[in-house]
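Read top to bottom, the protein sequences are chains A and B. Residues 1 to 114 in our numbering are what the first sequence spells out, letter by letter. Residues 1 to 113 in our numbering are what the second sequence spells out, letter by letter.
These are calculated hints, taken from the structure and not from any lab test. A virtual CB, placed ideally from N, CA and C, is assigned to each residue, including glycine. Hints may contain errors.
[Unchecked claim] One side of the interface only, derived from the structure: several residues of chain B facing chain A at Cβ under 8 Å:
no. : residue
1   : 44
2   : 47
3   : 48
4   : 105
[To be verified] Pulled from the structure, derived: some chain B residues nowhere near chain A, Cβ distances all over 12 Å:
no. : residue
5   : 1
6   : 41
7   : 42
8   : 55
9   : 81
10  : 102
11  : 106
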Amino acid sequence: ETGVTQSPTHLIKTRGQQVTLRCSSQSGHNTVSWYQQALGQGPQFIFQYYREEENGRGNFPPRFSGLQFPNYSSELNVNALELDDSALYLCASSRASGAYNEQFFGPGTRLTVL
Amino acid sequence: RKEVEQDPGPFNVPEGATVAFNCTYSNSASQSFFWYRQDCRKEPKLLMSVYSSGNEDGRFTAQLNRASQYISLLIRDSKLSDSATYLCVVNPGGGTSYGKLTFGQGTILTVHP
């Protein structure tokens, strides 16, 4: 196991609702990245947080937002949920934000939007 | 054009077979390259990093050709436990992209007895 935890494991929401997903990074890691994985696809980068600041963002609308806390845990918030937001949401932590730092993934939160 | 392209398969091979996966990437300035493995309904896990000189880890060999922007993974003597989705991953690096892992669609491998 990687030591990265995510909660909740599963979540069912309806269109228009808001959701908050949580991630605890591995001990010693100060960087958290979030990914969305739709069924049958590879994960897509949402954004990364390094030392509590957003440090890069993928092609996702502003209704996807995040936070990182002083203990380096992180939240992903999604407002105005759409059906296409149904996916596995993965967070990954790493020692730093550089290109060569291995990212360790948590088990994911499976979100279903009805 | 997708940033990272893989043949989605599926590949169905018998135990003991050798199987090769290929991947191409579009950003010539990409800095680091990986193969991840993802079991059904689980998180991706790093299988190996890929270096220009090529690298081997037991039955697994990875190659990178920067000139052709091409990455490969070779699995020898396939085991039933190798059945999984193999994800080709590129980190473009630079600027605000340092942490961005770009994943291919994944190639499904099934090893049968």
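Handout entry: Verdict on residue 102 of chain B as a residue remote from chain A, using beta-carbon distances over 12 Å
Key = violated, 7 Å
Practice task
Mind verifying the non-interface call on residue 1 of chain B? Its CB should be farther than 12 Å from each CB in chain A.
Solution key: Residue 1 of chain B clear of chain A: closest Cβ-Cβ about 15 Å, beyond 12 Å.
Problem - Given as non-interface: residue 81 of chain B, which should sit over 12 Å from chain A by C-beta - result: holds, 18 Å
Practice task
Hold the hint about residue 48 of chain B up to the distance rule: shortest CB distance to chain A must be less than 8 Å.
Solution key: Given a least distance of 11 Å, the restraint on residue 48 of chain B is violated.
Problem - No chain A beta carbon within 12 Å of residue 106 of chain B's - result: violated, 5 Å
Problem - Restraint outcome when residue 47 of chain B is required to lie within 8 Å of chain A by C-beta distance - result: violated, 11 Å
Problem - Status of the stated non-contact between residue 55 of chain B and chain A (beta carbon gap over 12 Å) - result: holds, 14 Å
Exercise for the section: With 12 Å as the threshold, tell me whether residue 41 of chain B passes as away from chain A on beta-carbon distances. Expected result: Residue 41 of chain B not clear of chain A: closest Cβ-Cβ about 8 Å, inside 12 Å.
Problem - Consistency of the no-contact label for residue 42 of chain B, given chain A and a CB cut of 12 Å - result: violated, 7 Å
Problem - chain A contact restraint on residue 105 of chain B - CB to CB distance below 8 Å - result: holds, 5 Å
Problem - Restraint satisfaction for residue 44 of chain B [CB to CB of chain A, less than 8 Å] - result: With Cβ-Cβ at 5 Å, under 8 Å, it holds.
When held up to the earlier numbered hints, the structure conflicts with 2, 3, 6, 7, 10 and 11 and fits the remainder.
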